Amino acid sequence: MTLHLPARRTRRLAPVLTYLSLIVASLVVLIPLVVVFLTSLKTSQEVADGGALSLPGNWLNFGNYATAFTDGKMLSAFGNTAFILLFSITGTVLIGSMTAYAIDRFDFRAKKPVMALFLIATLVPGVTTQVATFQVVNSFGLFNSVWAPILLYMGTDIVSIYIFLQFIRGIPVSLDEAARLDGANTLTIYWKIILPLLKPAIATVVIIKGITVYNDFYIPFLYMPSEELGTISTALFRFKGPFGAHWEHISAGTILVIVPTLLVFLFLQRYIYNGFAQGATK
Amino acid sequence: MTETTHTAPAKVPRADAPPPGTARPSSPRRGGLPRRLTPWLFLAVPLVLLVTFTYVPVANMVYYSFTDWDGVSPERNFTGLENYRQIFTRPELFRVFFVSFYYLAASVLQIAIALYFATVLSFNLRFRNLFKGILFFPYLINGVAIGFVFLYFFQDGGTLDSVLSWFGAGTDRAWLGDPETANTSLAGVSVWRYAGLNFVLFLGAIQSIPAELYEAAQLDGATRWQQFRHIIAPGIRPVIGLSVILAISGSLSVFEIPYIMTGGATGTTTFVIQTVKLAFQFNKTGLASAAAVVLLLIILLITWIQRRLVPDEKVDLV
Numbered sequence: 001m002t003l004h005l006p007a008r009r010t011r012r013l014a015p016v017l018t019y020l021s022l023i024v025a026s027l028v029v030l031i032p033l034v035v036v037f038l039t040s041l042k043t044s045q046e047v048a049d050g051g052a053l054s055l056p057g058n059w060l061n062f063g064n065y066a067t068a069f070t071d072g073k074m075l076s077a078f079g080n081t082a083f084i085l086l087f088s089i090t091g092t093v094l095i096g097s098m099t100a101y102a103i104d105r106f107d108f109r110a111k112k113p114v115m116a117l118f119l120i121a122t123l124v125p126g127v128t129t130q131v132a133t134f135q136v137v138n139s140f141g142l143f144n145s146v147w148a149p150i151l152l153y154m155g156t157d158i159v160s161i162y163i164f165l166q167f168i169r170g171i172p173v174s175l176d177e178a179a180r181l182d183g184a185n186t187l188t189i190y191w192k193i194i195l196p197l198l199k200p201a202i203a204t205v206v207i208i209k210g211i212t213v214y215n216d217f218y219i220p221f222l223y224m225p226s227e228e229l230g231t232i233s234t235a236l237f238r239f240k241g242p243f244g245a246h247w248e249h250i251s252a253g254t255i256l257v258i259v260p261t262l263l264v265f266l267f268l269q270r271y272i273y274n275g276f277a278q279g280a281t282k
Numbered sequence: 001m002t003e004t005t006h007t008a009p010a011k012v013p014r015a016d017a018p019p020p021g022t023a024r025p026s027s028p029r030r031g032g033l034p035r036r037l038t039p040w041l042f043l044a045v046p047l048v049l050l051v052t053f054t055y056v057p058v059a060n061m062v063y064y065s066f067t068d069w070d071g072v073s074p075e076r077n078f079t080g081l082e083n084y085r086q087i088f089t090r091p092e093l094f095r096v097f098f099v100s101f102y103y104l105a106a107s108v109l110q111i112a113i114a115l116y117f118a119t120v121l122s123f124n125l126r127f128r129n130l131f132k133g134i135l136f137f138p139y140l141i142n143g144v145a146i147g148f149v150f151l152y153f154f155q156d157g158g159t160l161d162s163v164l165s166w167f168g169a170g171t172d173r174a175w176l177g178d179p180e181t182a183n184t185s186l187a188g189v190s191v192w193r194y195a196g197l198n199f200v201l202f203l204g205a206i207q208s209i210p211a212e213l214y215e216a217a218q219l220d221g222a223t224r225w226q227q228f229r230h231i232i233a234p235g236i237r238p239v240i241g242l243s244v245i246l247a248i249s250g251s252l253s254v255f256e257i258p259y260i261m262t263g264g265a266t267g268t269t270t271f272v273i274q275t276v277k278l279a280f281q282f283n284k285t286g287l288a289s290a291a292a293v294v295l296l297l298i299i300l301l302i303t304w305i306q307r308r309l310v311p312d313e314k315v316d317l318v
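Heads up: the sequence lines are chains A and B, in that order.
With the first letter of the first sequence counted as 1, position 176 gets the number 176 in UniProt numbering; the numbers rise by one all the way through.
With the first letter of the second sequence counted as 1, position 262 gets the number 262 in UniProt numbering; the numbers rise by one all the way through.
If you are wondering where the hints come from, they were derived from the structure by calculation, not from laboratory data.
Predicted model only: the values in this text are computed from it and were never measured.
Glycine included, each C-beta is placed from N, C-alpha and C at the ideal position.
It cannot be assumed that every hint is accurate.
Now the stretches of chain A that chain B is said to cover, found in silico as 3 or more residues with beta-carbon under 8 Å [stated by the list, open to error]:
1) 13 to 21
2) 35 to 42
3) 46 to 54
4) 105 to 114
Simulated pairs of lysine-lysine, DSS-like, Cα-Cα distance not exceeding 30 Å [to be verified]:
5) A:Lys73 with B:Lys277
6) A:Lys199 with A:Lys111
7) A:Lys111 with A:Lys192
8) A:Lys199 with A:Lys112
9) A:Lys240 with B:Lys277
10) A:Lys112 with A:Lys192
Heads up, incomplete: computed chain B residues facing chain A, CB under 10 Å, no partners named [stated by the list, open to error]:
11) Val45
12) Thr52
13) Thr54
14) Val62
15) Tyr64
16) Phe131
17) Phe153
18) Thr159
19) Ser165
20) Trp192
21) Val200
22) Glu256
23) Phe280
Work the whole structure out from these sequences, hints included.
Printed below as a string of structure tokens:
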């Protein structure tokens, strides 16, 4: 009996420590966010006087949000981001699925080199080539236009091609053949048979791509410096200047940007986890 | 009809092998497009985009790196290896590499934390999904928003100071204003932001390990640690390998968080911040390109080493 005692004790202690570690980690995640939320509800007087962790006097003080929304040009920022999202996601889905279809369903001589082109491109991190990419975009006259990020997001997403490729392998070729016998041409087969069957993969790509584009700072920052073209990220970044140390406004802007992500996350949790697990492991 | 070389081992009869009896007449598709061109119909746009936005820039970048181009003027003088010589001999240019070590050290911590929580949450627990959501959520937050959250967090007398004072360690300090703590603080933000991604990847990998293995291990009286050591760790080795490589290349190409939070002040300039400044503020496109080539080569080298050390698909569990 005595021999078993230490094991018993650790067995009872272990869950406590496990939960404790989880609670500590959750606090580490939540406290910085909660504090910013509290700050967004305070008046400038309260921010100046109280400590960071003090509570706002009026929990329904949404004035800072109104200021951040209008003075921070958040409406046009949400509009620009939505426009970029729509086009780059549609483009990514079409391009990714077409590439995957062509590579998986046809045998042609250049297949291996084409695959290699896409594969090698995964090894080139986007940030390293931005200086030179900038010149390419500039030479098309696309600098300072929404089309620059749209084209860049569409043209450099290799991950989505892999997701589609993996998925399309699971669709039996006999379906294509049956349709072909019925007189469907290649384009019809892609559009009417392959694309609808790719729905789960499309969901994954839309989620991953959507979050990446919504959160991206680097590309809009470099390619769309003019103020009317602000996206969520760059519009928020500009808060640094005019609002200076007005933390109640900066906090409100920050929360405005985080809330859509939070909502999407709460509604699509399961798909998001799966999407990222699939996306990152190719 | 030469498009199907018979060397290609077709596992499944492919759709483009015409059924016997309809050999010739069916080959030109409706609209007169020859069969062998069909794949290109689908590949044209993707390939044009790929070449325009990946390969042309890489080629140009290598070319610019041997010139003194300022990015604007039509004049470009070939200067040979001068730019590379500058990067490796001017200490203020080379120093930025050392900032990466802070992020590299942080990513070791990040992977360890992620591994711990992935293991813990792969067993049945109360509020499992809640914890999972909380730990993963930071990864989804906008980088600029994270920058502001932590700018406030690290302020003199801000959140961190207030929390520390609860524990009697109340030191008022500007965490980001002091070169000693600035990089550590920023690297901490990067752990906060990215640990969730590693965690979800590890969790996914752990859950794809067949449950019978755990049951068998439990019957044999294996402890949690033994289960981790002998089942989980080897089972998710490929994902750990992937995370390590992402961590290394990520540490070398940090940009957003330090740029947003400090603008590269107090010794927090990273390689990418410097490159962006060289190119877009000081118009030294040639020098910036050389720097980018160096970074690209380092990352390719690391990827290659990693592929050598941890070959893909070598999961030998059962």
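* If you take the shortest Cβ to Cβ gap from Tyr64 of chain B to chain A, is it below 10 Å? -> holds (6 Å)
* In terms of beta carbon proximity below 8 Å, does the segment 35 to 42 of chain A have 3 or more residues touching chain B? -> holds (count 3)
* Between Lys73 of chain A and Lys277 of chain B, is the straight-line Cα distance small enough, at 30 Å or below? -> holds (27 Å)
* Asked: Does the nearest C-beta of chain A fall within a distance shorter than 10 Å of the C-beta of Phe280 of chain B?
  -> holds (7 Å)
* Asked: Was the hint right that Thr54 of chain B lines chain A, CB cutoff 10 Å?
  -> Thr54 of chain B check passes; min Cβ-Cβ to chain A is 5 Å, inside 10 Å.
* Given pair status - Lys192 of chain A, Lys112 of chain A, alpha carbons within 30 Å -> Distance of about 27 Å is within 30 Å: holds.
* **Whether chain B covers the segment 105 to 114 of chain A (at least 3 residues having a Cβ closer than 8 Å to its Cβ atoms)** => holds (count 7)
* Tell me if Thr52 of chain B is really an interface residue toward chain A, meaning its C-beta lies closer than 10 Å to one of theirs. => holds (6 Å)
* Asked: Regarding the hint that Thr159 of chain B lies at the interface with chain A, is the smallest CB-CB distance below 10 Å?
  -> holds (4 Å)
* Taking the least C-beta to C-beta distance, is Val62 of chain B closer than 10 Å to chain A? -> holds (9 Å)
* Asked: Does Lys277 of chain B lie within 30 Å of Lys240 of chain A when you go C-alpha to C-alpha?
  -> Between Lys240 of chain A and Lys277 of chain B the Cα gap is close to 19 Å, so the pair holds against 30 Å.
* To do: Tell me if Val45 of chain B is really an interface residue toward chain A, meaning its C-beta lies closer than 10 Å to one of theirs.
  => Nearest chain A Cβ about 6 Å off; hint holds.
When each numbered hint is compared with the structure, no violation occurs for any of them.
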